[in-house]
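A.B. asks: Line order of the protein sequences matches chains A and B.
112 is the number that my numbering gives the last residue of the first sequence; the numbers go up by one with no jumps.
1110 is the number that my numbering gives the last residue of the second sequence; the numbers go up by one with no jumps.
Calculated from the structure, these hints are not laboratory results.
In this text the structure is predicted, and so the values were computed from the model without any measurement.
Some clues are possibly wrong.
[Unchecked claim] If you only want the chain B side, here are some residues facing chain A, beta carbon under 8 Å, derived:
hint : residue
1    : 1030
2    : 1031
3    : 1045
4    : 1046
5    : 1081
6    : 1086
7    : 1090
8    : 1091
9    : 1098
10   : 1100
[Claimed, not checked] In silico lysine to any residue, SDA-like type, Cα no more than 20 Å apart, as pairs:
hint : chain 1 : residue 1 : chain 2 : residue 2
11   : B       : 1054      : A       : 98
12   : B       : 1054      : B       : 1081
13   : B       : 1054      : B       : 1065
14   : B       : 1054      : A       : 102
15   : A       : 57        : A       : 73
16   : A       : 13        : A       : 38
17   : A       : 1         : B       : 1091
18   : A       : 57        : B       : 1092
19   : A       : 13        : A       : 26
20   : B       : 1109      : B       : 1012
21   : A       : 13        : A       : 86
22   : B       : 1054      : B       : 1019
23   : A       : 1         : B       : 1078
24   : A       : 13        : A       : 57
25   : A       : 57        : B       : 1017
26   : B       : 1054      : A       : 100
27   : A       : 1         : A       : 26
28   : B       : 1054      : A       : 65
29   : B       : 1054      : B       : 1069
30   : A       : 1         : A       : 100
31   : A       : 57        : B       : 1030
32   : A       : 57        : B       : 1002
33   : A       : 57        : B       : 1044
34   : B       : 1109      : B       : 1019
35   : A       : 1         : B       : 1044
36   : A       : 57        : A       : 100
37   : A       : 57        : B       : 1091
38   : A       : 1         : A       : 102
39   : A       : 13        : A       : 65
40   : A       : 1         : B       : 1046
Even for Gly, the Cβ is constructed at its ideal location relative to N, Cα and C.
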Amino acid sequence: KAGVTQTPRYLIKTRGQQVTLSCSPISGHRSVSWYQQTPGQGLQFLFEYFSETQRNKGNFPGRFSGRQFSNSRSEMNVSTLELGDSALYLCASSLAPSYEQYFGPGTRLTVT
Amino acid sequence: GIQVEQSPPDLILQEGANSTLRCNFSDSVNNLQWFHQNPWGQLINLFYIPSGTKQNGRLSATTVATERYSLLYISSSQTTDSGVYFCAVESDYNNNDMRFGAGTRLTVKP
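The shape of chain A in the complex, shown without the other chains (with noise of 0.2 Å):
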């Protein structure tokens, strides 16, 4: 069964642009969650979706948004980039929400 898969791998961007990242889960897998890791900050909850619903939103500013297709596919989108946004931005995908999650490679943004 293929694992969670993530793209793009790797994305620079300018202060001001808009980016979308996606998300496919493991297959049967229909929830999806969203994680922000930085060296300051560690691992960060960003949203969690299930059934193209979102459950749980982590705390971060409203340029932070995602959503869920009906084939429980992902994408996240940050709107008016900021330095402080470069970061790994990592997907995880599980049965159900509460359920063991399994986590993408992973893409590596970075913001200059």
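Following the hints, complete the assembly by docking chain B onto the known chain A.
C.D. replies: Okay, now just chain B, sitting in the frame of chain A:
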């Protein structure tokens, strides 16, 4: 929200040594996982263990939910065990997110 503390923050071992990593959490949980993050950033599942004991080869884990801690044991460590080990928990209360500890950075020297 739930607090997660991992100790020690850093650990340096000689190959072949054993180690114990600890994760303390402040609330009852319905989900607890241990991960190993490799140098490329990939988080690798080690254990899904909200309670009880599990073993997988040289690794084993125990969660004592009533006392709000979990332990990860690594025996006969190898250089490939190096990396950062994370504990992540989800509280029983509310529709909560997974909270990660700050991690334990393990270095195994040959």
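A.B. asks: Against this structure, judge whether each hint is valid.
C.D. replies: Hints and how they fare:
{"no.": "1", "hint": "1030", "verdict": "holds, 5 Å"}
{"no.": "2", "hint": "1031", "verdict": "holds, 5 Å"}
{"no.": "3", "hint": "1045", "verdict": "holds, 6 Å"}
{"no.": "4", "hint": "1046", "verdict": "violated, 11 Å"}
{"no.": "5", "hint": "1081", "verdict": "violated, 19 Å"}
{"no.": "6", "hint": "1086", "verdict": "holds, 7 Å"}
{"no.": "7", "hint": "1090", "verdict": "holds, 6 Å"}
{"no.": "8", "hint": "1091", "verdict": "violated, 10 Å"}
{"no.": "9", "hint": "1098", "verdict": "holds, 6 Å"}
{"no.": "10", "hint": "1100", "verdict": "holds, 4 Å"}
{"no.": "11", "hint": "1054(B) to 98(A)", "verdict": "holds, 19 Å"}
{"no.": "12", "hint": "1054(B) to 1081(B)", "verdict": "holds, 18 Å"}
{"no.": "13", "hint": "1054(B) to 1065(B)", "verdict": "holds, 14 Å"}
{"no.": "14", "hint": "1054(B) to 102(A)", "verdict": "holds, 18 Å"}
{"no.": "15", "hint": "57(A) to 73(A)", "verdict": "holds, 18 Å"}
{"no.": "16", "hint": "13(A) to 38(A)", "verdict": "holds, 17 Å"}
{"no.": "17", "hint": "1(A) to 1091(B)", "verdict": "violated, 29 Å"}
{"no.": "18", "hint": "57(A) to 1092(B)", "verdict": "holds, 17 Å"}
{"no.": "19", "hint": "13(A) to 26(A)", "verdict": "violated, 28 Å"}
{"no.": "20", "hint": "1109(B) to 1012(B)", "verdict": "holds, 7 Å"}
{"no.": "21", "hint": "13(A) to 86(A)", "verdict": "holds, 9 Å"}
{"no.": "22", "hint": "1054(B) to 1019(B)", "verdict": "holds, 16 Å"}
{"no.": "23", "hint": "1(A) to 1078(B)", "verdict": "violated, 28 Å"}
{"no.": "24", "hint": "13(A) to 57(A)", "verdict": "violated, 24 Å"}
{"no.": "25", "hint": "57(A) to 1017(B)", "verdict": "violated, 41 Å"}
{"no.": "26", "hint": "1054(B) to 100(A)", "verdict": "holds, 15 Å"}
{"no.": "27", "hint": "1(A) to 26(A)", "verdict": "holds, 7 Å"}
{"no.": "28", "hint": "1054(B) to 65(A)", "verdict": "violated, 37 Å"}
{"no.": "29", "hint": "1054(B) to 1069(B)", "verdict": "holds, 15 Å"}
{"no.": "30", "hint": "1(A) to 100(A)", "verdict": "holds, 16 Å"}
{"no.": "31", "hint": "57(A) to 1030(B)", "verdict": "holds, 19 Å"}
{"no.": "32", "hint": "57(A) to 1002(B)", "verdict": "holds, 15 Å"}
{"no.": "33", "hint": "57(A) to 1044(B)", "verdict": "violated, 24 Å"}
{"no.": "34", "hint": "1109(B) to 1019(B)", "verdict": "holds, 13 Å"}
{"no.": "35", "hint": "1(A) to 1044(B)", "verdict": "holds, 16 Å"}
{"no.": "36", "hint": "57(A) to 100(A)", "verdict": "holds, 19 Å"}
{"no.": "37", "hint": "57(A) to 1091(B)", "verdict": "holds, 15 Å"}
{"no.": "38", "hint": "1(A) to 102(A)", "verdict": "holds, 12 Å"}
{"no.": "39", "hint": "13(A) to 65(A)", "verdict": "holds, 17 Å"}
{"no.": "40", "hint": "1(A) to 1046(B)", "verdict": "holds, 18 Å"}
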